[in-house]
Amino acid sequence: DALPLNPSGKLDRRALPSPSFVVREFRAPTTPVEEVVAGIFAEVLGLERVGLDDDFFALGGNSLVATHVVSRLGAALDTRVPVRVIFEASTVAALAVRAEQHAGEGGR
1 DALPLNPSGK LDRRALPSPS FVVREFRAPT TPVEEVVAGI FAEVLGLERV GLDDDFFALG
61 GNSLVATHVV SRLGAALDTR VPVRVIFEAS TVAALAVRAE QHAGEGGR
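The numbering of the sequence shown is the UniProt record's numbering, which starts it at 1 and goes up by one.
None of these hints come from the bench; they were simulated from the model.
Ideal placement from N, C-alpha and C gives every residue a C-beta, glycine not left out.
It is possible that part of the hints are untrue.
Estimated spans, in silico, between C-beta atoms of each pair [stated by the list, open to error]: (1) L5 with V97: 42 to 50 Å; (2) D1 with V22: 18 to 26 Å; (3) E88 with T30: 17 to 25 Å; (4) S18 with H68: 38 to 46 Å; (5) S20 with H68: 28 to 36 Å; (6) L45 with P4: 32 to 40 Å; (7) V22 with E88: 31 to 39 Å; (8) G46 with N6: 24 to 32 Å; (9) R80 with L5: 12 to 20 Å; (10) D12 with G46: 34 to 42 Å; (11) F87 with S8: 20 to 28 Å; (12) T67 with N6: 42 to 50 Å.
Sequences and hints are given; from them, build the entire structure.
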């Protein structure tokens, strides 16, 4: 695939296809752990609400803020959650599952 060019060799913006956006339906957290994770995401990122499918990094999170998230998550669940977990499972739903698994393994 190549970008469309006009006769002078510049990008022909009118020939570009219209962008398509996919809007996902908001899914609210349902379990206590999902609610904790969503609440922590919202608090550290300064957001009003965060859903199950929201990705920490897509919402503006970075590695420094990730350390705050796992610290607060560990305190809330009385376990130790490694920082790498948020990089491997960055949505609320995925991180909640991983945090529950980790807590179940005796994280502290």
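Violated hints - listed by number, lowest first
7, 8, 9 and 11
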